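A.B. asks: Working from the sequences, and respecting the hints, build out all of it.
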Amino acid sequence: MEYVLQTQQLCKKYGKFNALTDFTINVPKGSIYGMVGRNGAGKTTLIRIVTGLNNPSSGEFTLFGTKNTDADILAKRRKIGAVVETPSLHPEMSAKDNLIQQTKALGISDEKLDEILKLVGLGNTGNKKAKNFSLGMRQRLGIAFSLVGDPEFLVLDEPINGLDPQGIMEVREMILKLNREKGITILISSHILDELSRLATHYGFIERGHVIKEMSAEELEHVSRRSIHLNVNDTKLLAEVLDGMKAEYRIYSPNEADIFTPMQVTPLVLALNEKNCFVNSMTESHESLENYFMGLVGGVRNA
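Residue numbers (the UniProt record's numbering): 1 to 303.
Read the hints as simulated data drawn from the structure, not as lab findings.
Zero decoy hints are in this set.
Quick list of the computed label-pair ranges, beta carbon to beta carbon:
| # | residue 1 | residue 2 | range |
| --- | --- | --- | --- |
| 1 | Gly162 | Glu274 | 42 to 50 Å |
| 2 | Ser288 | Glu85 | 28 to 36 Å |
| 3 | Asp110 | Asn231 | 53 to 61 Å |
| 4 | Thr261 | Ile73 | 44 to 52 Å |
| 5 | Asp114 | Glu2 | 27 to 35 Å |
| 6 | Asp243 | Thr266 | 18 to 26 Å |
| 7 | Asn255 | Leu135 | 28 to 36 Å |
| 8 | His222 | Gly162 | 29 to 37 Å |
| 9 | Leu106 | Ile73 | 16 to 24 Å |
| 10 | Pro91 | Thr24 | 38 to 46 Å |
| 11 | Asn233 | Lys128 | 46 to 54 Å |
30 Å max Cα-Cα, derived DSSO-like pairs, lysine-lysine:
| # | residue 1 | residue 2 |
| --- | --- | --- |
| 12 | Lys177 | Lys29 |
| 13 | Lys16 | Lys213 |
| 14 | Lys16 | Lys67 |
| 15 | Lys76 | Lys112 |
| 16 | Lys128 | Lys118 |
| 17 | Lys177 | Lys129 |
| 18 | Lys118 | Lys104 |
| 19 | Lys213 | Lys67 |
| 20 | Lys128 | Lys112 |
| 21 | Lys118 | Lys29 |
| 22 | Lys29 | Lys76 |
In this text, all values refer to a predicted model and were calculated from it rather than measured experimentally.
All residues carry an ideal CB built from backbone N, CA and C; glycine is no exception.
C.D. replies: Here is the structure:
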């Protein structure tokens with residue numbers, strides 16, 4: 001398999017704090033690689049290293065087959081487009097004029113700007129000023145900035161953060177289009193795991209500066225367990241009943257839980273009623289990306 005990005009035992013320290021420790025990741029060419037991890041796990045640190053905003057303390061990373069110790073790593077970075085922080089837009093300019101300024105700053109041609117604007121869904125904004133754009137439109141314009149250099153690899157840090165459902169849908173469709181129609185490999189970090197599961201073809205699960213597991217979406221689907229998802233009045237009472245049944249389960253909140261052990265519904269409900277634990281809803285489901293991740297890192301269970 002061909003990889004766009006690989007790291008081997010990458011480490012990054014900020015003073016005495018280890019942001020990354022022996023961090024090893026493999027991003028296949030043509031993939032949408034979703035990084036899954038809690039705040040502070042190291043996702044943004046990796047992105048800043050890959051895009052050249054930070055240097056690693058030790059270890060190595062490889063871009064397009066070139067190691068970071070090689071002389072032409074800077075040339076390889078020119079194939080990367082990134083949205084790491086909120087882009088600096090000119091509020092009084094249109095979307096196209098903003099992109100023209102970007103091409104001038106980079107010293108590149110502006111002949112593909114109409115194509116890029118169409119690709120990110122901003123082709124019909126005309127002379128509308130950026131200050132009048134919705135948050136979703138500004139985010140898509142920020143991604144358009146990252147595309148002016150015709151990148152092969154796109155790095156997105158929380159691209160849907162703060163967006164409303166309409167904005168999330170628009171950014172999602174744009175990301176899929178960039179990957180499927182343009183063949184751009186995409187590395188994406190998002191704490192909205194339900195949305196990430198609609199995009200990613202591969203995953204890296206990150207905890208405390210380590211990659212604890214990598215897998216494809218197909219592999220995740222295969223290992224994800226079926227469960228009964230319950231909403232009850234008190235999961236403490238539910239836990240007492242399930243412990244007595246020696247069932248495997250996971251508690252998510254005072255009212256939400258998943259049961260992984262196959263069982264008959266009627267005996268379960270009767271046992272819960274005896275404990276004054278009442279079921280508000282019960283559905284069969286497939287283990288979600290979030291639930292799988294919490295299982296990997298030792299989420300709350302049997303408690």
